[in-house]
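Required output: the full structure, derived from the provided sequences and hints.
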Amino acid sequence: MLLFLLLAKLAYLQLVRHDFFWRLAQQRTFFRVPLPAPRGRIYDFRGRLLAGTRPTFNLYIDPYYLRGKEDKVLKELASLLGEDFVRLKEEYLFKKKRGYGEILLRRGLDRDTVARLEARRYYLPGLKLLAQPERYYPWGREFFHLLGYVSPITKKELQALKSQGYGPEDYIGRSGLEKLFEKDLKGEKGELELERDAFGRVVKVVGGKPPVPGRDLYLTVDSHLQLQVYRLLKDRSGAILILSPRDGKVLALVSSPAPDPNQFIAGFTPSEWKELLKDPLHPLLNKALQSYHPGSTFKPLTALAALKAGLVKPQEEVLCRGFHRLGRRVFRCWRRWGHGKMELIQGLAQSCDVYFYVLGERLDIDYLAGFARACGFGKPSGLALPGEEVGIVPDRFWKRKTFGDKWHKGENLIVAIGQGALEVNLVQLVKFYAALANGGTLYRPYVISSLKTPEGETLKEFGPRKEARLPVSSYWLEWIKRGLQEAVNGKKGTGRAARLKEVVVAGKTGTAQVVRIKRKKKSAPKEEIPYEERDHAWFVAFAPVKDPQIVVGVFVEHGGHGGSAAAPLAGKILKTYFAGGK
Amino acid sequence: MKSWFSAGPYLGGLLFLLLLGLVNQWSAGGKPLFLRQLLWTIVGLGVFSLAAFLDYRRFRAFQKLLGLYLVFILLLLFLAFTHQRWLHLGPLSIQPSEFAKPFLVVLLASLFSESQEEHLSWPLLAGATILALGPVLLIAISDLDQAFLILVIACSLILFAGLSRKTLLVLGAGFFLLSTLAGPVVWKHLKPYQRARLISFFKPGKTHKRWSYQTRQALIAVGSGGLTGQGFKRGLSSRLHYLPAKHTDLAFAVWAEEWGFAGSLLVLTLYSFILSCLLKAAYQARDLMGRFLVFGAACVLFWEIFFNIGGVIHLLPAASLPLPFLSCGGSALCSNMILLGLATSVMIKRFSFI
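Residue numbers (our numbering), protein chains in the order written: chain A, 10 to 591; chain B, 971 to 1324.
These aren't lab readings, by the way, just hints derived from the structure by calculation. Every residue, glycine too, gets a C-beta built ideally from N, C-alpha and C. Take the hints with a grain of salt, since some may be wrong.
Derived coverage of chain B by chain A (criterion: at least 3 residues anywhere in the stretch with Cβ under 8 Å from a Cβ of chain A; other residues may be distant) [unchecked claim]:
{"id": "1", "region": "1004-1016"}
{"id": "2", "region": "1144-1151"}
{"id": "3", "region": "1190-1196"}
{"id": "4", "region": "1219-1232"}
{"id": "5", "region": "1248-1256"}
Taking lysine-lysine pairs in the BS3-like style, the calculated list, with each CA pair at most 27 Å apart, reads [to be verified]:
{"id": "6", "chain 1": "A", "residue 1": "LYS137", "chain 2": "A", "residue 2": "LYS105"}
{"id": "7", "chain 1": "A", "residue 1": "LYS218", "chain 2": "A", "residue 2": "LYS192"}
{"id": "8", "chain 1": "A", "residue 1": "LYS287", "chain 2": "A", "residue 2": "LYS188"}
{"id": "9", "chain 1": "A", "residue 1": "LYS213", "chain 2": "B", "residue 2": "LYS1203"}
{"id": "10", "chain 1": "A", "residue 1": "LYS584", "chain 2": "A", "residue 2": "LYS555"}
{"id": "11", "chain 1": "B", "residue 1": "LYS1203", "chain 2": "A", "residue 2": "LYS18"}
{"id": "12", "chain 1": "B", "residue 1": "LYS1001", "chain 2": "A", "residue 2": "LYS213"}
{"id": "13", "chain 1": "A", "residue 1": "LYS350", "chain 2": "A", "residue 2": "LYS322"}
{"id": "14", "chain 1": "A", "residue 1": "LYS218", "chain 2": "A", "residue 2": "LYS171"}
Structure representation (structure tokens):
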């Protein structure tokens, strides 16, 4: 009978192919929704919030449902949002071209708008409103280069990081601490397993797991100091780093100018982004991590190397006539009419180039380079922020490798005053001065004091780490310190702008030439030199000299003279620190 | 009384099926539909006993029945012109096309019982054709599936009555000619969903994506039932509304999902048991009228089951026909109960010679 035919097919479907259909039923019925984990927060050492997470309503739109009726839906949406239709469509098309799947069209909607949109849901196919945790920075620009920023994941990154649990709606840390601690900050995504009926409605929650929020970072940074420091640098390009010489704690790290990190979350318009990239002040670069010629701030190291090798006595006098001759070449002092008789302390205080040309002539470059490396130059500073340039400490091997050429004696003299091929970054320099200040211990600079769970349980503590000692005895260090003290407090010191009444400050200016002297007139006023050719200004100071509490490194890009552009800033910082710090 | 006892297992099977139908409606349609079905089942049982106690031999008066038949045709005509399937009478809604089946079976049975020859004569055949084509054409306007079912039933009855070899050949050739000529025309006038059903059946894809939504969901429901099923009221497909028309056309999918292969086997066994009882009764019937009546009832039942379950499990193109007893629907239940009641009447009158 034909009924057996029915029975046979039934047996086939229900017994043989049961697994196949069961799987189909599962796929059709159950689906998983990822629950985003709130990103870990970042606090300063007082427990002030520097980067947090807040819930916002975000408007997503799926172009798939809009095919053929884009204009209609977008018009409706524009009128509900109270925006211009043409601009909304432009933005939609731009984001559609760049993105994939759902487009994040608006973020941070207020309650009324959300209610209005929900009520008109039927006319807005493909629309999705989600309450999601979102990164926000209460301060913004001031902490941009220290904290970094987060921005939406790109298609390429998504392909590479899918196995680590990233989804297309996620944000990823791009620079600074956000990038460095991405793994700790991002947390663990949760999941919701839902049962869905034929109309796509969620019937009930079957299972899932809650998201684990990211871990919180506690910094060593003092946010008051940081804010003030940023204000000082405003409108100028440069960086300031403040360390505690006692343990290498970073008290402030600022690079200016800086964009607002909150805007990376909201997204830039193409023209804003272009402007940001074209800005001659390079707001996206962290200047504390870029390497430049250190100029005269390098002179204490030259002096130390010479003292250690016994090539010079502190009392030995060198006559500065404004130039120094080596073979047929003439090396000029920055003071064309010369300093007269110079010994170590005045050489440092007045930053006499001829004195250090003489030391450079006596020193062997390989010895000097080795000494500089032992002081932490030419290698990562240990702060571990992404994007650090380690700089260059030139020696014979480097010269042969890079230029295929022999080392010339003349280059010794230029390196001795911190020019030539020598490049260092602010962090390395300040770290070295911190070692000078504390009697010779090189501490690794650190900015994170602890890593905690959101409940406040400490997971990991970070303490000071001694990297090495400066390879000289503390006796020589005292001589250098006296020179630096004289540079700020002496009558003819170059760094007098940083002098304080209450505290004894020691410091060293630096003026790094960007272009060779010949090409520009030395005496020309600052305004006549094009911005790109102006000198970089440096100043590194520590105070009080007897028992140093703070090391301040100031770098002003194309700022001009170290003594006039950088030292006053350091003076103001020290003043506020010692006025309010106690 | 002996005849009643001999009909016992048959009646038991029927009651059991009705009970399963109620259980299935409880799951598929929820409480309101269950209560309605319960009401219709009681009505259906009443109609059944009425038909069973009636003496079927009274229907031999062909002329009287013809009058009723004409009234019925007029009703169908009215519905066809207003493009309705349902007749709404206050709270009741009746599907008159369902009642075409018992009408036709009774009429054809009384017509064929006049003839004493081995083969049907030409006038009888022509009469039967006219009788059958009337409702078929009128119903086809609003409900093609139902019309096709009635046509198949009428053909089976005519074949059962017997045709000479010559007539069969002529008819076969005629049918072939007609279908090749009329096929494209009919195809053109089919509704899009009907065309899609046929296409999805005759051009089956390798993957499930080629199946139509209804077929796909029905297959998933049936297949995911497995051996023992997902349990009463626990079927994913029916509970979450994935199955369209789950209390009528796809009632069997609900049943198969929740009770698995065991449940399907039980239902099919019950059906075949009832069908075999009917066929036996047709063989043992006292007169030709009874034989045709019982066979007609069996035919109706069999084709309904075959088309419905075949459609659900993708053995045939999907058709929107109710499954006897398991599907919701008062008219279908009543018309089936009338037929089975008449068949029972034939069964118990086997030994009476009054």
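Now the hints, each set against the structure:
1. 1004-1016: violated (count 0)
2. 1144-1151: violated (count 0)
3. 1190-1196: holds (count 7)
4. 1219-1232: Holds: 3 residues of the region 1219-1232 of chain B have a Cβ under 8 Å from chain A.
5. 1248-1256: violated (count 0)
6. A/LYS137 with A/LYS105: holds (16 Å)
7. A/LYS218 with A/LYS192: holds (20 Å)
8. A/LYS287 with A/LYS188: This hinted pair holds, its Cα atoms lying about 24 Å apart.
9. A/LYS213 with B/LYS1203: holds (16 Å)
10. A/LYS584 with A/LYS555: Given that 27 Å is the threshold and the Cα spacing comes to 17 Å, the pair holds.
11. B/LYS1203 with A/LYS18: holds (24 Å)
12. B/LYS1001 with A/LYS213: With Cα atoms ~22 Å apart, B/LYS1001 and A/LYS213 stay inside 27 Å; holds.
13. A/LYS350 with A/LYS322: Cα-Cα ~14 Å, so holds.
14. A/LYS218 with A/LYS171: Distance of about 19 Å is within 27 Å: holds.
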